[in-house]
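K.L.:
Here are the chains, one letter per residue:
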Amino acid sequence: MLQYVVRRLVYGLITLLALSIITFTLLQNTGGDPLDRIKANPRIPQETVQQMAEFYGLDQPAPKQYLTWASNFVQFWNYPTAWGRSFQGPQQVQELVINRLGGTARLMFTALGLAVMIGIPLGIYQAIKQYSFLDQATTTFSFVTFSTPIFVIGIGLQIILALKLEQWTGVKLFYTSGMNSTNYGDLSFGARIGDTLQHLFLPAISIALISIATYSRYQRASMLEVLHSDYLRTAKAKGLSQRNVIVKHALRNALIPVITLISLDIAGILGGAVITETIFGWPGMGRLYIQAIGINDWPIVMAVVMLIGFMVVVMNLLADLAYGWLDPRVRYD
Amino acid sequence: MTDRPGPAADKTPSQLAMDEAEGLAVEPVTQWHLFKARFTRHRLAMLSAAVLGVIVLLAVFADLLPLHNPTEQLEDETGRIVNLFSPRADYPFGTDQIGQDVLARVIYGGRTSLTVAGLTGLMVASFGTLVGSIAGYYGGWVDTLLMRITDLILSLPLLPVAIVAAAWLREAFEGREALSLAILLGTLLWGTLARIVRAEFLSLREKEFVEAARAAGARDRRIIFRHILPNAMSPIIVNATLVIGIAIILEAALSFLGFGVRPPTPAWGQMAANGGRLAVGGSGAWWLVLFPSVALITTVLSVNFLGDGLRDALDPTQTIERK
Numbered sequence: 001m002l003q004y005v006v007r008r009l010v011y012g013l014i015t016l017l018a019l020s021i022i023t024f025t026l027l028q029n030t031g032g033d034p035l036d037r038i039k040a041n042p043r044i045p046q047e048t049v050q051q052m053a054e055f056y057g058l059d060q061p062a063p064k065q066y067l068t069w070a071s072n073f074v075q076f077w078n079y080p081t082a083w084g085r086s087f088q089g090p091q092q093v094q095e096l097v098i099n100r101l102g103g104t105a106r107l108m109f110t111a112l113g114l115a116v117m118i119g120i121p122l123g124i125y126q127a128i129k130q131y132s133f134l135d136q137a138t139t140t141f142s143f144v145t146f147s148t149p150i151f152v153i154g155i156g157l158q159i160i161l162a163l164k165l166e167q168w169t170g171v172k173l174f175y176t177s178g179m180n181s182t183n184y185g186d187l188s189f190g191a192r193i194g195d196t197l198q199h200l201f202l203p204a205i206s207i208a209l210i211s212i213a214t215y216s217r218y219q220r221a222s223m224l225e226v227l228h229s230d231y232l233r234t235a236k237a238k239g240l241s242q243r244n245v246i247v248k249h250a251l252r253n254a255l256i257p258v259i260t261l262i263s264l265d266i267a268g269i270l271g272g273a274v275i276t277e278t279i280f281g282w283p284g285m286g287r288l289y290i291q292a293i294g295i296n297d298w299p300i301v302m303a304v305v306m307l308i309g310f311m312v313v314v315m316n317l318l319a320d321l322a323y324g325w326l327d328p329r330v331r332y333d
Numbered sequence: 001m002t003d004r005p006g007p008a009a010d011k012t013p014s015q016l017a018m019d020e021a022e023g024l025a026v027e028p029v030t031q032w033h034l035f036k037a038r039f040t041r042h043r044l045a046m047l048s049a050a051v052l053g054v055i056v057l058l059a060v061f062a063d064l065l066p067l068h069n070p071t072e073q074l075e076d077e078t079g080r081i082v083n084l085f086s087p088r089a090d091y092p093f094g095t096d097q098i099g100q101d102v103l104a105r106v107i108y109g110g111r112t113s114l115t116v117a118g119l120t121g122l123m124v125a126s127f128g129t130l131v132g133s134i135a136g137y138y139g140g141w142v143d144t145l146l147m148r149i150t151d152l153i154l155s156l157p158l159l160p161v162a163i164v165a166a167a168w169l170r171e172a173f174e175g176r177e178a179l180s181l182a183i184l185l186g187t188l189l190w191g192t193l194a195r196i197v198r199a200e201f202l203s204l205r206e207k208e209f210v211e212a213a214r215a216a217g218a219r220d221r222r223i224i225f226r227h228i229l230p231n232a233m234s235p236i237i238v239n240a241t242l243v244i245g246i247a248i249i250l251e252a253a254l255s256f257l258g259f260g261v262r263p264p265t266p267a268w269g270q271m272a273a274n275g276g277r278l279a280v281g282g283s284g285a286w287w288l289v290l291f292p293s294v295a296l297i298t299t300v301l302s303v304n305f306l307g308d309g310l311r312d313a314l315d316p317t318q319t320i321e322r323k
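Protein chains in written order, with my numbering: chain A, 1 to 333; chain B, 1 to 323.
Keep in mind the hints are simulated off the structure, nothing from the lab. Check before you lean on any hint, since a few could be wrong.
If you want the footprint, here are the derived chain A segments under chain B, 3+ residues with CB under 8 Å [unchecked claim]:
#: 1; region: 155–163
#: 2; region: 285–295
#: 3; region: 308–320
Far from chain A by the CB rule (all over 12 Å, computed), these chain B residues [said to hold, decoys possible]:
#: 4; residue: Asp19
#: 5; residue: Gly53
#: 6; residue: Leu74
#: 7; residue: Arg205
#: 8; residue: Asp220
#: 9; residue: Asp312
Treat the numbers as computed from the prediction; the structure is a model and nothing was measured. Glycine is no exception: its CB is placed at the ideal position from the N, C-alpha and C atoms.
Start from the sequences, fold in the hints, and give me the full structure.
P.N.:
In structure tokens form, the structure reads like this:
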């Protein structure tokens with residue numbers, strides 16, 4: 001077991017290493033001189049520009065620059081200066097990224113929560129009432145959602161649930177941009193919660209819809225498999241109530257594959273966040289990432305890619321461990 | 001012997017004629033017949049194949065259709081540019097913010113999007129099959145090495161890497177965005193198919209017919225491509241079909257973020273994205289979002305249903321009676 005975890009951690013590190021080399025190489029060959037922008041900014045003294053060129057080793061060959069970046073990057077405890085300055089201005093990369101981490105986390109966990117709370121019960125219901133109207137409708141919904149790019153979902157929700165709804169009813173139920181209103185500081189506690197939810201709902205549900213479709217499909221399939229198993233027939237034959245059979249016997253086993261799926265879905269949700277944050281002007285890592293690529297601010301791009309890669313690696317490992325813990329038949333060797 | 005209906009190939013023409021006269025003729029049922037019988041039962045897949053066929057034909061023969069030039073700023077009789085016209089008789093899908101005909105752009109955009117997706121599917125099918133069959137057939141350190149690389153590709157966060165790579169490719173392949181996007185998506189998406197093909201090869205290489213081929217003196221290349229591969233075709237076809245759907249969606253996502261196909265060349269994702277920005281900005285031009293989105297979703301939905309139908313129809317362990 002311990003051996004397994006150690007081996008998986010080593011593979012994870014190799015993945016992150018490869019990810020960093022690939023991304024770094026691609027970024028080196030993209031865009032012009034990253035210093036152009038900061039040199040053009042009159043408010044930034046020449047010494048700062050000089051310091052940055054030195055910090056990143058910009059006059060060095062690319063492999064040397066990579067090593068410089070990597071050795072700085074792993075010293076993350078030297079907050080906030082460890083990752084150097086952004087090429088956009090005076091801010092520290094570490095500060096910028098960490099500040100945006102909260103926004104992405106809020107979006108990610110809300111989407112994940114919505115997907116779990118809607119997708120799993122939906123799948124269970126579909127399996128119990130197989131071929132019912134709701135089962136067929138959910139299946140259709142799942143197929144359509146799988147086939148729709150997330151930005152089309154986001155834009156569609158903005159147009160229908162925010163713009164058109166306000167036009168037709170005069171009620172502003174949802175906001176299409178930002179994390180909070182500008183007057184957030186003046187609001188009472190209750191109003192603050194309302195304001196937060198009004199901003200959060202549309203981007204979160206845009207990400208969640210695809211996950212809801214995925215989870216309900218898997219939950220339905222895994223529940224159906226369990227419902228047709230021998231031990232469940234035994235449970236029914238013993239005269240247990242329908243409720244007991246489903247909740248105590250079927251559900252426990254039917255949830256196992258879906259729990260693994262959810263941990264593996266984190267990469268998808270983070271990818272969705274990159275797009276959704278752009279649509280909804282959400283101050284998260286994803287939007288920072290897209291802005292940074294556009295102007296070749298590569299220290300930020302690297303930092304965000306590595307954080308996302310790290311989360312994906314950790315969640316993959318947790319998924320495998322959770323699977324072994326929940327299903328005693330699984331052996332690690 | 002002759003009075004029992006046996007394999008038609010063993011009989012002389014006169015025997016066959018006699019069989020026919022006596023009502024004993026045997027019509028051979030091939031894999032193809034079974035496939036056709038199963039596939040035609042899958043109504044949704046049949047419909048999807050038809051829809052997809054129409055979309056592909058429209059894209060291929062777009063030049064022959066009486067359409068406006070998709071990249072021309074159109075003007076009315078008075079010389080005014082017809083920007084943001086809502087759908088009407090002469091512009092059934094309306095016009096966009098710079099006066100281009102949306103119908104023409106949707107049809108030509110299909111050409112771009114389908115080219116990217118089709119090339120990606122081809123790349124994934126050939127590269128994934130090659131890697132998977134070599135790994136599965138030879139095993140040992142070749143297998144370990146190839147599968148480590150495959151796992152690595154599969155464990156990369158897809159979208160962030162795709163964005164960085166697209167930003168680079170856009171400069172490296174200036175003006176040939178469709179090709180560069182297909183190369184990018186093909187490189188990122190072959191992993192799953194390689195794993196599937198490897199699993200097929202692992203089990204097939206132990207079968208008697210492979211041993212027989214080897215005993216007959218067939219070389220590795222012949223065994224891989226002539227004996228094993230035809231038996232592993234079903235999952236390859238199904239996966240390549242599904243990859244086409246994924247590629248259309250990813251191309252759209254990259255175009256939305258500004259790393260895909262650039263205007264004036266039309267592509268569905270890019271049209272929906274730019275139209276969407278305008279619509280949310282308050283232009284009310286719903287037709288700019290709706291038509292390209294519907295074209296895109298219809299295509300991907302058809303591809304997915306087709307993949308589903310192919311999966312059911314190509315599975316030789318299934319009987320025709322099922323469902």
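K.L.:
Determine for every hint whether it applies to the structure shown.
P.N.:
Checked hints:
{"no.": "1", "hint": "155–163", "in the structure": "holds (count 5)"}
{"no.": "2", "hint": "285–295", "in the structure": "holds (count 4)"}
{"no.": "3", "hint": "308–320", "in the structure": "holds (count 5)"}
{"no.": "4", "hint": "Asp19", "in the structure": "holds, 45 Å"}
{"no.": "5", "hint": "Gly53", "in the structure": "holds, 18 Å"}
{"no.": "6", "hint": "Leu74", "in the structure": "holds, 25 Å"}
{"no.": "7", "hint": "Arg205", "in the structure": "holds, 24 Å"}
{"no.": "8", "hint": "Asp220", "in the structure": "holds, 30 Å"}
{"no.": "9", "hint": "Asp312", "in the structure": "holds, 15 Å"}
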